[in-house]
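Under this note's numbering, the first residue of the sequence shown is numbered 1444, with each subsequent residue one higher.
Think of the hints as simulated: they come from the structure by calculation, not from any bench.
In this text, all values refer to a predicted model and were calculated from it rather than measured experimentally.
Take the hints with a grain of salt, since some may be wrong.
With a cut-off of at most 25 Å between alpha-carbon atoms, the simulated SDA-like pairs for lysine to any residue come out as follows [said to hold, decoys possible]:
1. K1521 with I1501
2. K1648 with G1669
3. K1648 with I1688
4. K1536 with E1523
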Amino acid sequence: MDGNKPIETAYQNEEPATPPGIEEPGGEGTQEAGGVVGTVKEFGQVAVPSTEPEIYCITIIGQIEGHIVMPPHNKTTKYEHIIPQLVAAEQSKTVKGVLIILNTVGGDVEAGLAIAEMIASLSKPTVTVVVGGGHSIGVPIAVSSSYSIIAESATMTIHPIRMNGLVIGVPQTFEYMEKMQERVVRFVTSHSRISVECFKDLMFKTGELNRDIGTAVGGSDAVTFGLMDEVGGIGTAMAKLNQLIALGGAPAETGGLTQ
1444 MDGNKPIETA YQNEEPATPP GIEEPGGEGT QEAGGVVGTV KEFGQVAVPS TEPEIYCITI
1504 IGQIEGHIVM PPHNKTTKYE HIIPQLVAAE QSKTVKGVLI ILNTVGGDVE AGLAIAEMIA
1564 SLSKPTVTVV VGGGHSIGVP IAVSSSYSII AESATMTIHP IRMNGLVIGV PQTFEYMEKM
1624 QERVVRFVTS HSRISVECFK DLMFKTGELN RDIGTAVGGS DAVTFGLMDE VGGIGTAMAK
1684 LNQLIALGGA PAETGGLTQ
């Protein structure tokens, strides 16, 4: 091969990978059938409802998986999957706002805080919707957006930091948990209207949960306490997000935390 010859011209005379007249699987002849099968398999329906391209939707469901891989029978959301989606939404020129739908039981504390910090630091307007539940470390994620909405039947469990597995029985372990607890408290109170005193009162309240301390806060109560902004659903969230986009979408100044 001539060293000065462009590389792309070396393959111009080769035969195409698929001979003419023979269609590849999933090609034009089978695209429609394959598309139907794919949507039924992935979404349980024939047609996927079209959405506005300027709004990017992220779902956080099940248990938030961090550095430890959960058993295969657990429904999980991996934080290493969510973070690239948030970066892509921030970089996209077509995405004007981000909708985050939450139905989580909580999970890894640092992974949840990482997701919450990413959402809070986006330059585009964000709206979170808690449907079903936004428990434990799902609380910081729920309040991290520009505007937070909770369904009327949804609940949010507020409880102290807990640790399982190997625990070293030294005073430093307690101090570490106490410092991590303060990180969660500061983040939630700086990104919502709830006071530190009220949040800690709910967190350490006894008698609300079996075999535990903490509080299960319902939809309207979460708004009353100042934890969430409004009771509503997807329609309310879409309307609010479109409103924020129309206004220029600058998130409210909430301070945030330096990790």
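Hints violated by the structure (numbers, ascending)
3
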